[in-house]
Amino acid sequence: MHGNRKICVTLSVFAIRRMSGHLSVAGEFQFTAAFIVVFSHPVPVLICRRRVFMTPFNIWPVAAVLLLSACISKPQPVPAVTTASAASATPAPTEVVHTARYTLVSLTPEDTLRYPLRQITSHNLVISKKTPVITRGDALHTWLSGTGYGLCLPVTDDMRQFMGSPLPDNQRSSGPLRISDALQLIAGSAWQMSTDEVTRTVCFQHSPQTLS
1 MHGNRKICVT LSVFAIRRMS GHLSVAGEFQ FTAAFIVVFS HPVPVLICRR
51 RVFMTPFNIW PVAAVLLLSA CISKPQPVPA VTTASAASAT PAPTEVVHTA
101 RYTLVSLTPE DTLRYPLRQI TSHNLVISKK TPVITRGDAL HTWLSGTGYG
151 LCLPVTDDMR QFMGSPLPDN QRSSGPLRIS DALQLIAGSA WQMSTDEVTR
201 TVCFQHSPQT LS
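The working numbering puts the first residue of the sequence shown at 1, with every later residue one more than the last.
Derived from the structure by calculation, the hints contain no laboratory data.
Any given hint could be a false lead.
Said to hold, decoys possible - What follows is a list of derived Cβ distance ranges for each label pair:
id: 1; residue 1: S207; residue 2: V96; range: 39 to 49 Å
id: 2; residue 1: Y102; residue 2: Q209; range: 14 to 24 Å
id: 3; residue 1: H98; residue 2: L151; range: 34 to 44 Å
id: 4; residue 1: T156; residue 2: V198; range: 19 to 29 Å
id: 5; residue 1: G188; residue 2: G148; range: 38 to 48 Å
id: 6; residue 1: H206; residue 2: T99; range: 47 to 57 Å
id: 7; residue 1: V198; residue 2: V155; range: 12 to 22 Å
id: 8; residue 1: T103; residue 2: C152; range: 37 to 47 Å
id: 9; residue 1: N124; residue 2: A100; range: 30 to 40 Å
id: 10; residue 1: V155; residue 2: Q209; range: 14 to 24 Å
The structure presented is a predicted model; accordingly, all values stated were derived computationally and were not measured.
Don't be surprised by glycine CBs; every beta carbon is placed ideally from N, CA and C.
Sequences and hints are given; from them, build the entire structure.
Here's what the structure looks like:
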């Protein structure tokens, strides 16, 4: 009888602590074991019921709630975003300088300053008495003027023929286009453009599709 009374008291204490959220993992295990012992023996159940109902605080509704809550999965805690990861996701501020009272200019160089062949421009090649025929070599030199790039020397017969071939009339006036796109347009699909950034030269080779 004394052992049953001890089980009832332990079950009541664990139930109250579990409702208040102050029960550890070991306490959860002990509470479950005491709960199983009480409900698996009829005599302790009668004693616990008699003692619980004689107290001002009725523990049976609490026990029912705890039994139902054991069947409900507890929500997993959401991992907090660390300060380091949040700081790495924040882009670095752009450095600017005042050029006028209400004007700010970014100190980050534009893409066209890093890669001159990406500039957007237009050119109009006019036929004259001095140059009655505009070749593709003339058009390539015109589009490369002012970029700091030059053409590779036509060392092969194919390159000499390519540079000396006439430019189509509909390509004499082109733009606005990126310089790299205009150069490839003038060369045509049979040629593939490549650049040497060390010597800043633009070269053309036969495309793989035309070699077969």
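Now for the hints, and whether the structure bears them out:
no.: 1; hint: S207 - V96: 39 to 49 Å; in the structure: holds, 44 Å
no.: 2; hint: Y102 - Q209: 14 to 24 Å; in the structure: violated, 54 Å
no.: 3; hint: H98 - L151: 34 to 44 Å; in the structure: holds, 42 Å
no.: 4; hint: T156 - V198: 19 to 29 Å; in the structure: holds, 21 Å
no.: 5; hint: G188 - G148: 38 to 48 Å; in the structure: violated, 25 Å
no.: 6; hint: H206 - T99: 47 to 57 Å; in the structure: holds, 48 Å
no.: 7; hint: V198 - V155: 12 to 22 Å; in the structure: holds, 18 Å
no.: 8; hint: T103 - C152: 37 to 47 Å; in the structure: holds, 42 Å
no.: 9; hint: N124 - A100: 30 to 40 Å; in the structure: holds, 34 Å
no.: 10; hint: V155 - Q209: 14 to 24 Å; in the structure: holds, 23 Å
Hint check: violations occur at hints 2, 5; the rest are consistent with the structure.
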